[in-house]
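Engineer: From first to last, the protein sequence lines are chains A and B.
Under the working numbering, the letters of the first sequence match residues 878 to 1292, in that order.
Under the working numbering, the letters of the second sequence match residues 343 to 889, in that order.
No wet-lab data here; the hints were simulated from the structure.
Owing to the predicted nature of the structure, the values given are computational and were not obtained by experimental measurement.
Hints are not guaranteed to be accurate.
Unchecked claim - Not everything, but these chain B residues come out facing chain A in the computed CB check (under 7 angstroms):
#	residue
1	699
2	703
3	716
4	717
5	720
6	722
7	731
8	732
9	744
10	745
Unchecked claim - Residues from chain B that keep clear of chain A, each with C-beta distances beyond 12 angstroms, as calculated:
#	residue
11	622
12	647
13	734
Even glycine gets a Cβ: it sits at the ideal position worked out from N, Cα and C.
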Amino acid sequence: MSNRFESLLERLAGLSVLDRIVISLAALLAAVLVGGVLVFVSGAFASCRSGLQLGGTTFCYNPMQVYYELFLGALGHPLEGGWSLTNYSLGRTLQQTTLLIFAGLSVAVAFRAGLLNIGTQGQLVVGGLATAVTVVYAASIVPGGFVGTVVLIPLGVLAGAVGGGLYGAIPGALKAYADANEVITTIMLNIIAAGITSTLLSWQFQDPDSSNPETRPVPEYAEIPNIPVIGFEEVNFSLLALAFAVVLMIGMAWLLARTSFGYELRTSGEQPGAAAYGGVDEKRMTVASMTLSGALGGIGGAFWVLMVHGQWLENVPSLGFDGIAVSVLAGNSPIGVGAAAFLFGVFQSGSQSISTATSVPKELVGVLTGLIILFVAMPEFFRLIGRRYVAPGTTEPVRTDGGDPAVDDGGDGDA
Amino acid sequence: MTESDVETTDGTRSTEGVGRDAAGLSETGSDLAVHLDGITKRFPGVVANDDVDLRVERGTVHALLGENGAGKTTLMNVLYGLYEPEAGRVVVDGEERAFDSPRDAIDAGIGMIHQHFMLVDPMTIAENIALGNEPTKWFGMAIDRDRIRSEIRDLCDRYGFNVDPNAVVEDASVGVQQRVEILKALFRGADVLILDEPTAVLTPQEVEGLYDVLEELTDQGKTIIFITHKLEEATHAADAITVLRDGESVGTVDPGQTNREALAERMVGREVILEAESEPVETGEAVLSTRDVTVEDARGIEAVSGIDLDVHAGEVLGIAGVDGNGQSELIEAITGLRTPDEGTITYDGTDITAWSRRRRIENGMAYIPEDRQENGLVMPFDLVENGLLGSQRSPQFAAGGRIDWDGVRDHTEDIIETYDVRPPDANAAAQSFSGGNQQKFIVGREFERDPSLVVATHPTRGVDIGSTEFIHDRLLELRREGVAVLLVSSNLDEIRSLSDRLAVIYEGEFIDVTDPDDITEEDLGLRMAGQRPDEETHDGPDTGESQ
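If we strip away everything but chain A, and leave its shape as in the complex, we get:
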C-alpha cells in the first residue's frame, strides 16, 4: 500500500506541464460531478414550490442551473441575448481577479524562497492604509485633474508597496536574525496590523464626515480610471489595473527565471545549504524575499483602495488569505497565479449570480467552490509533496546506471 502511494508520488513528481493541465481539467470535471450530486440531493431537504418530482420526493435544486450560474453567470451570461462586455458580473470577476493576482503573487514569491508568508493579509491592510493616507495628504499639494491622476496613482501604489514591504520585512528580519518561525510571526502580525491600523484610524485618519470606520476618500481623479476604450460603469474595475497586474505577473516570472536575484531566491527556497555554498547571504535573502512578498501584498492593498473604494475601510476583505489558496492552486508559479486568480474571481462573482437566480443557500455554493479548489489543488499539492520527499524515480528516463537516484554512491571505504 505504502509502496503504491510512493510510486504515485513519484509519478506525480515527474509530470509534464501538459499532464498537469489535463489532470487539472479532469479534477475540475470530477469536482463538478460530485458537487452536482451534492446539490441535487440537498434539494430533497429544502422546501420549495416547484421542483423535480421523483418517487414522491421533491428535488428543489437543479445542479445544471447552479453550475450554469456559477460559471456563465460570473461572465454575465454571454450565451444569452443583450450581453455586453462591460456587464456588472464580468466586471466584478475581473476586479477580484486583479486583486487576487497581487495577493497570489505575494504568497507565491515567498513560497519560492522557502517561506510560508501567511501575512499577506496584514501587509495588504497596512499597504492599503499607507496608500489612502499618502494620496489624501498629497492631494492637497498636487494639482488636480490629469496631472493629479498621473502623479497620485503611482505615488499611491508606491506608498502601498513601501508600507506592505516594510511590514513584510519585519517577519523576514525576525526569521533571519532571531530564528523566529515566519508562519507564527506573520499570523501574529496580521492581528497586529488590524489593531494598529484601527488605532491609527481613530487617532488621526478617520473621515470626520463619516460615521463608518474609514479614511477620507481620495479625490476622484486619484482613483484608477476606467479607461481606455471599455469602461465598466457598474462596477469599480479598471482594465488598466488588470493590465498592470498581468505585467507585474510576467515581471515576477521573469525575475525568478532570468535574474541573479531570482536564481538566488529559488536556490534558497529549494536548498538553503546549496545557496550558502553558492555565495547567497541567507539572512539577507530571507529579508529581501519577505520584503518583496510584502510589497506585492501592499500593492494589492493599494489597488483595493484606489480602484475599488477610493478610500481605506477598516473592514478589509480576506484577499490575503485567498491569496494563499490562489498560490497553492497555481503551484506557486507566477503565471499560474493569473489563471488561479481568475478562477477565484469567477467563484466570487458566480456565487452572487447563483444567489440572485436560484434559492440555493450561500453556504452550499461555498461547498461547491470548495470542492473545486480541493479537487484541482490536490494533485498539485501531492506533486509538491512528491517533489520534496521522493526523487522523480523509476519513470524518469535519464539514468543509465539505475542507481537509487537521490542517494550517494558513498565514499572510499578502502582508505
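Could you slot chain B onto chain A? The hints should help.
Structural biologist: Frame of chain A; chain B shown alone:
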C-alpha cells in the same frame, strides 16, 4: 561448480537442479543460480543494458564490475523485478521468470541489499528483520515474537553472525546494520543475494568482516552477486568477475588469472594509470595562509584549535585525518561558510577573515564540498541551473543581474563533455544522476572556474577509476599552472600520491607536516590516531616552508 555444491543447499532445490540439467538449460553442465540471457534495457535516449549475458554459478561470489553508469545497477534491478527488460530472459534456478515486482523476485529466492539501508532506525534488529514477514500466532491476531527470535538466532548461528536481535538499529554500527540487511534477506528465504556497492559505507575493518560473511554464506551454498567499481574488492572477494562497460558485458574473468591493470583496462576501455604521477613543480608565493585559526562547531565545542597553514602557488597541501577531527570546520572557515572564532585567514596577501562566501568565490576560490547533495548541488534543479551555482553574480554569466542562460548552457555542456558526466543530459535534474556523476559535475564546475585556489574535499569519493584518473590529472594540471590546492581526503593512496606536503590533523590540531614520500603508511596511520612524531623524524606542526 561441482555437484557437491548442490548438495549443500536443501534437498528440494538439488532435485530441481537435476531436472534443470536434464532440460538442458545449463549448457555448460555447471549449476547456474542465475542466468541472465541477452538482457537489453533502454531508457529514452540511452541503452542502459545492451544484450548482456550473466551466468552466476551457485555457491560463488560473482562481482559485477564497472564504472559509474556502466549499467550494473540497472542489470540488477532487472533481476530484482524493479525494471522490465525490453529483450532477454531471466532464468533463476533453471526456470525462466518474469518478475513484475521485487515481491516476485523475493518469492523466487532473490534478495537485494541496497547501498543505503532500508531500516527503521528506532525499531529493534529483530523487528526490522521480520518487518513485512512477521510470523503470527492466534490465527493471525498477534506477532509470534518468540518464533522471530528463534529463527534469527538460528540464522545467526548458521552463518556465524554476531548480532543482538534486541538491540535498536540506530545504536548499531554501519557494519552491523549491513548484516541486518543481509539477515533480512535470508529471513525471507533468499538464496541469491545482490549487494549494491556494499563496501561504500564501511570502514576498512568492516570491509574485512564483510568478506568473511560472504565466504561463510557461499560455503553454505548461498550465491552472492556484488556490484562494485573498485578493483581491489572484485579481485579480493570474487570467484568470478563480469565487467560491464557502457551497458555491454565485456567478458567474465577469473580473478586468479588477471591483474588490476588488465581489469582496469577492460573496465575503462583504454589503458589506465592507477597512481597519479606528481612531478615536482616550482612553488610560488603563499596563496592561502591561516594563522592561529580556531573554530567552534555547531555545539560550541572547539573543533579547530589554532591551525597555521600555508598553501603556495603550484603546490598541493594534503590534509589527512580520520573524519571528524576538525577538517570540515577548518575547510568551512577557509571557504567562508563558517566564521572562525579566532585567527586570521589570508588569501593572495589580503586578510579575508571577514569576507563573505561570495567575495571569496569572486576572487578565484574554487571549492569541492564534502557533502555534494547538501551543498554542491541544488538537487531539484537541472544541470544547467546547477552549472550557474556560485557564478550567479559573475559578469561572465549574469552581467547586470540578468542571467545569460544560453551562455550557462554552453558552459554546462562543456563540463558534461569534458568530465564525462553520464548520461550527458543537461536538462536532467541533479537528483537523477548517480553520486559519482554528480561528483564529476561539481568537480568540473569548480575546476573550470579559473581558480587561483582549489579547496577539494574528497574530490573522487564515489567516482569510478576512469574519472578518478581524469580528475587527478586535471588537478595536477591546475597545479602546474600555478594554482594552489588544499586537498582533504580520507583515501590515503590519493592523498599520498597527489600531495606535495601532507599535514595530519588530529583533534583540531596538526600533528605533523611532512613530505608524503618520507612517511610510511603505518606511520601515517599512527599520526592519524594521534601519535606525535619523534623529535628526530620530522619538524613540528609549523608549516613555514615547503619541501
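Engineer: Give a verdict on every hint.
Structural biologist: Hint-by-hint comparison with the structure:
About 5 angstroms separates the beta-carbon of residue 699 of chain B from the nearest beta-carbon of chain A, less than 7 angstroms, and the hint is met. Below 7 angstroms, beta-carbon pairs count as interface contacts, and residue 703 of chain B has one with chain A at about 5 angstroms; its hint therefore holds. For the restraint placing residue 716 of chain B at the interface with chain A, the shortest Cβ-Cβ distance is roughly 4 angstroms, inside the 7 angstroms limit, so the hint holds. Residue-level restraint check for residue 717 of chain B holds (minimum Cβ-Cβ distance to chain A is 4 angstroms; threshold 7 angstroms).
Taking 7 angstroms as the C-beta cut-off, the interface hint given for residue 720 of chain B holds, the closest approach to chain A being about 5 angstroms. Of the supplied interface hints, the one on residue 722 of chain B holds, with its beta-carbon coming within about 5 angstroms of a beta-carbon of chain A, less than 7 angstroms. About 4 angstroms separates the beta-carbon of residue 731 of chain B from the nearest beta-carbon of chain A, less than 7 angstroms, and the hint is met. Interface hint status for residue 732 of chain B: upheld, as the beta-carbon distance to the closest one in chain A is roughly 5 angstroms, under 7 angstroms.
Interface hint at residue 744 of chain B: satisfied, since its Cβ lies 6 angstroms from the closest Cβ of chain A, which is below the 7 angstroms cut-off. Evaluation of the residue 745 of chain B hint against chain A yields a held restraint, the C-beta minimum of about 5 angstroms falling below 7 angstroms. A cut-off of 12 angstroms between C-beta atoms confirms that residue 622 of chain B is not in contact with chain A; the least separation is 25 angstroms. No beta-carbon of chain A comes within 12 angstroms of the beta-carbon of residue 647 of chain B; the shortest separation is about 24 angstroms.
Distance check on residue 734 of chain B: its Cβ comes as close as 5 angstroms (rounded) to a Cβ of chain A, failing to clear the 12 angstroms threshold; non-interface status is violated.
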